[in-house]
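Residue numbers (our numbering), protein chains in the order written: chain A, 1 to 132; chain B, 1 to 132.
Incorrect hints may have been included.
Identical copies carry no separate label here, and so any pair may be met within one copy or between two of them.
List time: in silico DSS-like cross-link candidates among lysine-lysine, alpha-carbon distance up to 30 Å [unchecked claim]:
id, residue 1, residue 2
1, K131, K85
2, K11, K102
3, K129, K82
4, K82, K131
5, K131, K102
6, K82, K52
7, K85, K11
8, K102, K52
9, K24, K102
10, K11, K82
11, K85, K52
Source of the hints: derived by calculation from the structure; they are not laboratory data.
What follows is the residue order along each chain.
Number of protein chains: 2
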Amino acid sequence: MNPLFHALFQKSRYITNCLNEVLKQHNLYSSQWTILYCLHNHGSMTLTQIWKYLNVEAPSITRAITRLEDLGWVLRIDGEDKREKIVTLSPYAEEHLPVITKTILAFEEEMVGALTVEEQQQFMILLEKMKG
Amino acid sequence: MNPLFHALFQKSRYITNCLNEVLKQHNLYSSQWTILYCLHNHGSMTLTQIWKYLNVEAPSITRAITRLEDLGWVLRIDGEDKREKIVTLSPYAEEHLPVITKTILAFEEEMVGALTVEEQQQFMILLEKMKG
DNA sequence: AGTATTTATTTAGCTAGGTAAATAAATGCG
DNA sequence: CGCATTTATTTACCTAGCTAAATAAATACT
């Protein structure tokens, strides 16, 4: 395996695991938090809007939303178009998200803090360059 | 989610999916190929050697090896230390791996080709810098 | 209006990672 | 020696991605 890919995959797994560790105190998993944060910023969204935005396949989102609904973080509401379901944050989520967001932002800052802003930009550029 | 992490995760998933696409013609998945390639370079290894080298937890390797054994790519042999299992490439694997390796190297080259060697080094350095 | 196609979501089932705990063999020590 | 601890592997079960196919509603076409 190309060492560059190996390093990329490994760092990706490592960061996800760290994120999950931090989120444990809030009884959340990284993928769940990603969706909650997305809804927090964009307001209510349909399932399709969510998976297109997060660049993930629909079934992954269906499963995650079902779990988040069970746990009381989101509500599924029938849209005007009866095919679509609109996903909204619950009052519980609205109440608890700010403090969670704060801990996660701190974590991300710590994780990425050794890189200057220029290095971060450079990193993104190099990522984009792969498979041009 | 920090856009840098988002981009990192997404590229990681994207490359894995592409790899799987290429490997489909050989009836292999990326994780299986990773292990076969590892054995091809290092020769026979115990399970522990494999998971420590690949930086993955043991159960993931157990499952992958079981599958590879079923498919005839590897053999599990009892070690002198009766606790450990030594994993070896089968003659079938030895025969077929060279051509597979060639197609994968071509794929990796294509994937990473837009980056100069210096950029690749720079990318690795930036990756390492995260969570110093 | 009636039918074919598209679109949104879900279901089923796969790989691939993780943790926690079970099992079995080897090692260390009183 | 006998027993506790360590080490290697496995099992069970969870999240998290994927594809393929099912379902149901909306839209397009004739």
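Going through the hints against the structure:
no. : hint        : verdict
1   : K131 x K85  : neither (35 Å within a copy, 39 Å between copies)
2   : K11 x K102  : both (23 Å within a copy, 26 Å between copies)
3   : K129 x K82  : neither (41 Å within a copy, 49 Å between copies)
4   : K82 x K131  : neither (39 Å within a copy, 46 Å between copies)
5   : K131 x K102 : between (34 Å within a copy, 18 Å between copies)
6   : K82 x K52   : within (19 Å within a copy, 51 Å between copies)
7   : K85 x K11   : between (35 Å within a copy, 29 Å between copies)
8   : K102 x K52  : within (26 Å within a copy, 35 Å between copies)
9   : K24 x K102  : within (15 Å within a copy, 43 Å between copies)
10  : K11 x K82   : neither (42 Å within a copy, 34 Å between copies)
11  : K85 x K52   : within (15 Å within a copy, 44 Å between copies)
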